[in-house]
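*Asks:* Please put together the full structure from these sequences, using the hints given.
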Amino acid sequence: MTKEQNNYYRMVKAATAFLDSNTNTTSTLPIFAASVTELKEKTTELENIENARQTVKEGKSEIKAKEREELEKIVFKISSVFYMYGRMTGSKEITNVFDLNSSDLSRFREAELVRTAEVLHEETTKVSDQLADYNITTEMLTQLEKEKNDFVNAAGLSTTDSSQSVVYTAKVKEIISAIRDILENEIDKLVDFYKDGNPDFYNGYYNSRNIIDR
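Going from the sequence shown to the working numbering is simple: count from 1 and add 291.
Calculated from the structure, these hints are not laboratory results.
Be a bit skeptical, because a hint or two may be false.
[Unchecked claim] Label pairs and their in silico Cβ distance ranges:
(1) LYS383 with ILE340: 47 to 55 Å
(2) ASN339 with ASN444: 20 to 28 Å
(3) SER352 with LYS437: 14 to 22 Å
(4) SER419 with ILE340: 41 to 49 Å
(5) ALA469 with ASN494: 21 to 29 Å
Backbone N, C-alpha and C define an ideal beta-carbon position, used for all residues, glycine too.
*Replies:* Structure representation (structure tokens):
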């Protein structure tokens, strides 16, 4: 959730906790319980979605680190000998680009690492028939492409991951909108019933409805 959504969520939890601590008052209006139950169900739905997203995110972080390590290894392995090919053939273009060490690769941003792997694959493929003496095989280039694609997927650089993020964002907005509707058009109205008869309850509830920026 965004910062604003988290702030709103904490307010909802505070308001719900206040209502739960004042059931002796709310029970005088039988309809109150139904609205509070509906609010809790929507809040739980929001929590479940966020928890699921966090679990997936944590899992993806571990997978991403592993896939990055594998990609860095194969890029380093191939670029080391491809650099020698460039040196032996007098290609400054190759030696300038692929004079890499493992520290260089570890400092690359994700997109930069992926692009380096792509260029390496493109350039070695062009001269693959000249690389036998450098032990750069078709199998190694296939592995390079696979590791690059695996990292792209794990790092969330694919269109599939972006689509899932859009779906999650839309669902969160939908649930928060439903929660806002229940609060403003049901529970707030019911609490207003107690404004004159129970001002402590009335004021306490609206104090809990204040959104605190954190």
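*Asks:* Would you mind marking each hint as holding or not holding in the structure?
*Replies:* Hint check results:
A beta carbon spacing of about 53 Å between LYS383 and ILE340 agrees with the range 47 to 55 Å that was offered as a hint. Our hint of 20 to 28 Å for ASN339 and ASN444 holds, since their Cβ atoms are close to 25 Å apart. With their beta carbons about 21 Å apart, SER352 and LYS437 fall inside the hinted range of 14 to 22 Å. Taking the beta carbon of each, SER419 and ILE340 are about 48 Å apart, inside 41 to 49 Å as hinted.
Remark: the range hint 21 to 29 Å for ALA469 to ASN494 is upheld by a beta-carbon distance near 26 Å.
Every hint, counting from the list given before, is met by this structure.
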